[in-house]
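Let chain F serve as the given structure and place chain D on it in line with the hints.
First to last, the sequence lines map onto chains F and D. So the first sequence is numbered by our numbering: it starts at 1 and just counts up by one. So the second sequence is numbered by our numbering: it starts at 459 and just counts up by one.
Bear in mind the hints are in silico, worked out from the structure with no lab data behind them. Glycine is no exception: its CB is placed at the ideal position from the N, C-alpha and C atoms. Do not take every clue at face value.
Covered stretches of chain F, going by a simulated chain D footprint (3 or more residues, C-beta under 8 Å) [said to hold, decoys possible]:
1) 82-95
2) 219-227
3) 324-332
Number of protein chains: 2
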Amino acid sequence: MSGVETYLDEHFGAALEDLKAFCRIPSVSTDPAHADGITKAAAFVAERLARAGFTNVEQLATGGHPAVFGEIITDPKLPTFLVYGHYDVQPPDPFDKWKTPPFEPDERDGRLYARGVSDDKGPLLIPILVAEAYVRAEGRLPVNLKVLIEGEEESGSPHFEGTLQTYRDRLGCDLVISADGAMWRPDRPSMTVASRGLVAFEVTVTGASKDLHSGRHGGSAPNPISALSKLIASLHGEDGRVAIEGYLDGTSPPDARIIAAIEAADFDANAYYREIGSPKPDPIETGRELLIRQWLEPTLEFNGISGGYQGKGTKTVIPTTASVKITCRLIVGQKPDHVVDVVTRHLEARLPAGFALDVHRHGPGSEAFFIDPDLPALKVAEEVLGELLGQPPLRVAMGATIPIGASFRKHLGTEAFFFSFSTSDEDYHAPNEFFRLANFRLGLTAWAKLLRRLAEAM
Amino acid sequence: MSGVETYLDEHFGAALEDLKAFCRIPSVSTDPAHADGITKAAAFVAERLARAGFTNVEQLATGGHPAVFGEIITDPKLPTFLVYGHYDVQPPDPFDKWKTPPFEPDERDGRLYARGVSDDKGPLLIPILVAEAYVRAEGRLPVNLKVLIEGEEESGSPHFEGTLQTYRDRLGCDLVISADGAMWRPDRPSMTVASRGLVAFEVTVTGASKDLHSGRHGGSAPNPISALSKLIASLHGEDGRVAIEGYLDGTSPPDARIIAAIEAADFDANAYYREIGSPKPDPIETGRELLIRQWLEPTLEFNGISGGYQGKGTKTVIPTTASVKITCRLIVGQKPDHVVDVVTRHLEARLPAGFALDVHRHGPGSEAFFIDPDLPALKVAEEVLGELLGQPPLRVAMGATIPIGASFRKHLGTEAFFFSFSTSDEDYHAPNEFFRLANFRLGLTAWAKLLRRLAEAM
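Isolated chain F (complex conformation) (with noise of 0.2 Å):
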């Protein structure tokens, strides 16, 4: 083992108590209840750079939750790096559904359960670590690095480009890797080439001025949550895929290399559907149009609908209002603008009379992403994940959206690839999320060599 190596197999005790103390903190993004516990992650961030030996480290204001910035610059004459990730997390509810305390890190089976464990507080502490060990071990890194830790991209960024514009000089680097992502299978390495992109809504339908009587009403006031359900109904077809016109204005045929990727993954539906609880619906047949369907197509999500009586047993009510909250996945070509008004004329096309229509928008939103195939850190990547785990990782397409891609492209010029050692089995977004502790050590490690490999390579 290289000093480094060394180093971060010796602190491994460690490095885990600290994922655990940055997983105590509750950086939920979306929920202004949340606030202090972004102020928490976004100094607890600040202060392990700092310890790490990274200088100029800044709380970046942004207009909303500050970014953390910092940088080593071990040479001006090496090439750059920065590294992308972000302290926040998902929020927490089912409450319920969670074995241990979402905030309240807990260690079984070889794993870390907590909310943000995986996305993505475990991965993005691994490159500071590494930097770390570089310093301690070896007295410097091999490469310039630098550092970006956002807090609002599980609230979809909104603050993100304007913040790549404002200090854009400070970020100045010869490539970006990203923290955030994840491997596809526990069982496959994997480089992540492309991703959809995202745009979030809300519909909201309103009927009367005031709650009424469903007995004394009932059949002559309109039902917002009746017309609110006529109208989502109308969103998608028999098959699934979204009807609107439109829709998929701008886009172009699926990327034949990434239909190939599919078909040699040989992906299992029937594993899929045992995997998510659920019978495998009509429309899709195999795995292969199941991936089709996840990777190169877009979809509208609903992900929360609301509207009258919640509480429990029953109320004689006709609520005011009914709401919808939406996400759309975007694939190469959908602009997040169009998309919403698409949509947004769909719905108000099929209004009833007796009805207003609200589209609340959340955010700018973000276009699909893809990577330069053949960009040559990308190889370096791939071989030293060849190398740790035995065999070539399989390039993949994701459904989930990393914004950030295509932003670093637009506002620094750079390119942009991930490495990231959270798996995409580990209910990141769902109730008892949990990070692989092997994965966390596997992590190290990689980062470690694919920071020497690249000084090597540019």
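Chain D in isolation, oriented as in the chain F frame:
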């Protein structure tokens, strides 16, 4: 003025204080969090009955919230009337829409504002105060009076039939007079001669066994909000009517006398939609058509819908379940059990693969009710109202449900009619419920007159 009327007039201030004290008790029957309010309200009624001179006052065990009984037996040879009312109230939410807190009665503009003041605390207090006035001012009531005040009306009266069965001997009477119910319009006296039945249930659709990330799984995992929307969108046709096979089984064409009353009413549909604060829906053209839908057609209304993320902002989740609370208003001939069966069959037949369906019933429900149009007591009541108000009351149906009519007929073998001084515009299932103080006063006078006339007529 007779002695009773003078007494009522002189003690109106104290009556109003009684009503306010009653309204301060948060007796929400549908929510277990308010169990204490139920206990206090039942005790309040029992205490007030005893103080008014009622004997054998008792809280009857029902298997749910207690019903309160009391009686004044003036002379076994006189006719005996049983007064019905309910001390429980609707849930007060949404709290933020109340101008003054729901359980802090506020007097303004000749109205008393509080949850439950119109439905049914004010109207049920009237006959108790009138009985007290007879006892105090004239030494005796001109009739025998029994009182039965239940505590589960706003939860669908799940134990009411059992209560009538258990206590049928004690409840024996010549006629039931309900203090629950409502005048149809503030500007026109009316007698309710029919009401729709009710059955309540909740439909839950389940997809995967855990919450899923809507990016990774979007497009392949079953979304229960989507399935539920499509299912419930299929329950109504384009004209807003229920479109379920077998829904009208057992029904007959509407009673021509009620249609005639509707035509006499000359109801203004545009004024109705102005009042509830919504544009007119397309399928309803005229006031006649509107009243036919409210009074003579069954409904299926959505009272609440819920699923997935309910907080602020956005959460990229595909939830495991989505559910909707439903109440159906029934017309004469529709059986609650059959209605739930045909709705369940309709939904099951349309449930897509990938989902599970659960239909959870809230209580037994109740059939529609209509009063024998030739009931002599009905004519007496109409005369009393006509004399006090200067014009004969209109005979009307009501869209809402007063299940007790059918229940009393079934278990005690007695007819029931409605003599309530609540008015249907008093927002009794909405924020800012109120009771007109002029009608509280009028109700006292009218009940005093009614009891004397019934004693003479029967």
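Hints breached by this structure: As far as the earlier hints go, not one is violated by this structure.
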